[in-house]
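Asker: Listed in order, the protein sequences are those of chains A and B.
If you read the first sequence in the numbering used here, its first letter stands for residue 1, the second for the next number, and so on.
If you read the second sequence in the numbering used here, its first letter stands for residue 1001, the second for the next number, and so on.
A couple of the hints might just be wrong.
[To be verified] One side of the interface only, derived from the structure: several residues of chain B facing chain A at Cβ under 8 Å:
#: 1; residue: Cys1017
#: 2; residue: Asn1018
#: 3; residue: Thr1029
#: 4; residue: Tyr1095
#: 5; residue: Ile1097
#: 6; residue: Arg1117
#: 7; residue: Ile1126
No wet-lab data here; the hints were simulated from the structure.
From the three backbone atoms N, C-alpha and C, an ideal C-beta is built for every residue, glycine too.
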Amino acid sequence: MGKKSVVPFGPQHPVLPEPIHLDLVIEDEIISEAIPNIGFIHRGLEGLVEKKDFNEMVYIAERTCGICSFGHGLGYVEAIEHVMNIEVPARARYLRTIWAELGRMHSHLLWLGLAADAFGFESLFYESWRIRERILDLHELTCGSRLIFSVNKVGGVIRDIPADKLAYIKDQILIVEKEVKNIEKTFLGDYSVQTRSKGIGLLTKEEAHDLGAVGPFARASGITADLRTTGYAAYGELDFEPVISNDGDCYARLDVRIRELYQSIDLIRQAIDKIPEGELEAKAIGFPKGEYFMRIEQPRGEAVYYVKGNGTKILDRMRIRTPTFANIPPLCETLKGADYADVGPLVVSIDPCISCTER
Amino acid sequence: MNIKRSPWLLHYDGSSCNGCDIEVLASLTPVYDAERLGVENTGDPMQADILLITGGINTQNAPVVKQLYDQMPRPKVVVAVGICACTGGVFKETYNILGGADKVIPVDIYVPGCAARPQSIIDGIIQARELFQQRSDEHDALMRSQKGAANV
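Bound conformation, chain A alone (with noise of 0.2 Å):
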């Protein structure tokens, strides 16, 4: 056996838009032990919420994160109709279900550009990026901003959309659908892919499950969880099936991320056929007053909102539970064994999302 030395990973590193640290002890090129340090990115969001009032607070709490920036804003606001007892208009709850979906799907194809990248695959990343610009001129053209949507608001959504816009989604998303099938022939069938990512980064079912993985790198192993199928927003009212594969590696991972692409296409379509006319947006009367724990799937897996309210406009607790940082125990379990040379792919297949784990 070598001898044992730590080489440092991060905060500044090619392969990573956002900073996390990792201490990779090694031995022999090998990976034993890898000791993560966050905090780079703190910037105690939670503590606003001693400044601002509960209203104003949607729109911090969609700046936890860029990426998944509607998820945010939806879980939070999802918290306080609940503590204030508030029926959101089904017209609302299926827009918020639209916007929810074409977020994922740009989140889905920005990381699917971001592992193509890991791999070295720079044409493929290219590709991905052109293609998630399409879901970014349709966040656009319904909320006017690219990445920060700023729609919901507590009781309802703030802008609704017109039937000419729905018709104009639905002809986008058919023309994403045919270029994500291009794309998926490369990501799943290139040979240079597949020697990065087959076999590399095992986490098992029960790994998974007791290091308590979450989201499509929980479903990757195996592992049936998927909060959409607990009906928040108007999911309740749609059908599909939650996306999972048995294999646990990285190319699992490639896989259930493009397949839940597809399956974004189907609900955005769904939601659009079934789309109620209707009021968009509830009176909120009144202060929260009471305490919600609320659970939302985001691209990135499950994230939990607990909300705690006095009866006035100021909330006494904000928390959020973000689905990296639930990942980060398993991340370091499956570096362990780990070639020196697949960190950075490994590292990419969970799909950090530090900002929103460092709040």
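Following the hints, put chain B in place on chain A, whose structure we already have.
Answerer: Coordinates of chain B only, in the frame set by chain A:
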């Protein structure tokens, strides 16, 4: 020397929400394609000429940002991308944010927006190129004058 056609970019996420980071990356990818201006994204501060910094400064990342800036060779230009890097943005009032990127390093160009749009990021890059050229010319002139002085 016409150096403004080939500066390399370094991107570092200070403490942003990710929105500006992915817009920086999006402005380098096909639809916006800032690479046609001759810039290239690099992960190595020692080869970078323009630092794009997103997000505010907090106590833990301040030494990291300072170190990245110090590792870059002179001349160098710093672009603060997004309102958080300019002033701290919505997080200015939090306990952990010290303020904008200019708290620890000198910032030359401010690109506002939440999240900053690729068009404005590219505009920032174009201005940074010009400034980089100017600083490079000044640096060359200084080197020449010092050389001349040594010969006398």
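Asker: Each of the hints needs a verdict: does it hold here or not?
Answerer: Hint-by-hint comparison with the structure:
{"no.": "1", "hint": "Cys1017", "in the structure": "holds (5 Å)"}
{"no.": "2", "hint": "Asn1018", "in the structure": "holds (4 Å)"}
{"no.": "3", "hint": "Thr1029", "in the structure": "holds (4 Å)"}
{"no.": "4", "hint": "Tyr1095", "in the structure": "holds (5 Å)"}
{"no.": "5", "hint": "Ile1097", "in the structure": "holds (6 Å)"}
{"no.": "6", "hint": "Arg1117", "in the structure": "holds (7 Å)"}
{"no.": "7", "hint": "Ile1126", "in the structure": "violated (20 Å)"}
Hint compliance for this structure: hint 7 alone is broken.
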